[in-house]
Amino acid sequence: MAKYTYSYYPGCSSQKGASSSNLMKSVQTMCEELDVELNEIPDWNCCSASIGYASGSELPRITLSARNIALSEQHNSGQTIVATCAACWLATREAAERLEHDPQLKAEADQALAEAGLKLENKTPIKHMAEVLVEEIGFDNIKAGVKKPLEGIKIAGYVGCQTNRPFGIHGESFENPVYLDHMIEAVGAESIPDYEKKVQCCGGALAFSEPEKSQEMIKGIIEAAYDNGADMIATPCPLCQANVEIYQDQINEKYNTKFNMPVVYYSQLISVAYGRSAEDAALDGQIIPAKKLEEIAKK
Amino acid sequence: MSDLNQRMIEKYRNDFLKEVEANVEEGEWVKMCMQCGVCSGSCPLGKHWAHPPQEIFMMIRAGEREEVLTSDSMWMCTSCYNCIVRCPRELPITHIMHGLATYSKKLGLVPKGQPTATFAEIFWNNMMKKGRVNELKLGLSLYFKDGFGQGIKNAMANQKLGMAMMKAKRMSPAELFGGHGIKDVGGLQKMIKKAQELEDARMKKFD
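In order, the protein sequence lines correspond to chains A and B.
Counted from 1, the first sequence has number 41 at position 42 by numbering that gives the first Met the number 0; the numbering is strictly sequential.
Counted from 1, the second sequence has number 147 at position 148 by numbering that gives the first Met the number 0; the numbering is strictly sequential.
Hints in this document: simulated from the structure, not taken from any laboratory.
Glycine residues also receive a C-beta, built at the ideal position from the N, C-alpha and C atoms.
One or more of the hints may lead you astray.
Derived DSS-like pairs: lysine-lysine, alpha-carbon spacing no greater than 30 angstroms straight-line [what the hints assert, rightly or not]:
id: 1; chain 1: B; residue 1: Lys168; chain 2: A; residue 2: Lys218
id: 2; chain 1: B; residue 1: Lys111; chain 2: A; residue 2: Lys253
id: 3; chain 1: B; residue 1: Lys10; chain 2: A; residue 2: Lys212
id: 4; chain 1: A; residue 1: Lys105; chain 2: B; residue 2: Lys10
id: 5; chain 1: B; residue 1: Lys129; chain 2: A; residue 2: Lys126
id: 6; chain 1: B; residue 1: Lys128; chain 2: A; residue 2: Lys118
id: 7; chain 1: A; residue 1: Lys105; chain 2: B; residue 2: Lys168
Where chain B lies over chain A, by a calculated footprint (3+ residues, C-beta under 8 angstroms) [stated by the list, open to error]:
id: 8; stretch: 11-18
id: 9; stretch: 45-57
id: 10; stretch: 97-110
id: 11; stretch: 138-147
id: 12; stretch: 207-217
So here's chain A without its partners, still in its complex pose (with noise of 0.2 angstroms):
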């Protein structure tokens, strides 16, 4: 038996072919050395993220994380949901929040779901993976796995938005957390605790909708990280992830820029700190190569 066991919600993004799949695949690799047992939620739905709103209203909306919380329930019964996008826990738990606070809102989510059959406790934690690395494993066990510390790397931790606010890790700041950074520490890299940028927005859903407004945040994110001399980035978001890495090349078309910044999650640097290959580490789903990281990953 495992020793910490949860009910896993990965998210679309995280999906075989989708733009976080190296987010799971590194996440899987992390899990198995910290002896984490992920029991993912039988067909779970989208949680509309945080752009579905404009067509699903208050009620449809949290239905959906709703019908993730039952199944869970019913089939992870007594687990812990752990999700690993911020936008996935984000919504899971302000459902959660709403449904226990609103009996209204509680009794018509409890009609729609039972249009599917299926039946709400809402007695159910809902954690980020970061609040399971630092409230439950922390930083003194995850240091102590570490086979290859991470020396010789400066690593920028951008927090992002949504899993930093508005729920965050239990004390810790808005303005400056600092989990990143000692976790940053653990695996042996050096950590920018002033990095200015570490809870700047990279636009997140409007990186699609308005690309130039995102565009000109995600080139001060990427900025500060040289400015501060960072080898690459760490994030704990898909999406921040994804924007901040993938469109360098139109950022440096359009800024005269020369970025070429890697955007790594932690769960990368955990995998590779404790022995496991580029692989596992789900390093080639860089489109910038983390190559410091690679190079420690074949020693």
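Following the hints, put chain B in place on chain A, whose structure we already have.
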């Protein structure tokens, strides 16, 4: 102008605040705003809002119904939640902005071609088809939203990125034919239809 819009104008004549409180998600909080402006100063896209949140709150109280509901301001919200955590009165500002955007859409008042409103609808419809987002189709629908010619241009402009994503196995051509989805699509669609009916019924009560 939609019928629903006309009915709401007649029902809430001269009291836009009441209308917002009754029909907009978290709208009952609007009257709590004390006009400090921290939300407007904290918004990452603040400079692009015709009326930042603080102004929107005052305009609601001043009864500037049309100006608020036809504004594209709320559509600038990136859902970063900065305003929520900084608001000294803890107003759920992000949700109110989403709520206003949604309400404006229900009434048919969204500015034509507003890109985030268009994307939001494409996203929702994409997701509802199989219960999970099909990223490839989502991207393509967005490229082709302004017609075929523009779509080809957009697709060409992003060709290099698309190829890089496929090489990294973060985009799959297989998504065009089927792709990811849930098993109980029927149940999910029935569930959401019911939720929509229940919510619409709440608004009809004000007829």
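Tell me, in ascending order, the numbers of any earlier hints that this structure violates. 3, 7 and 11
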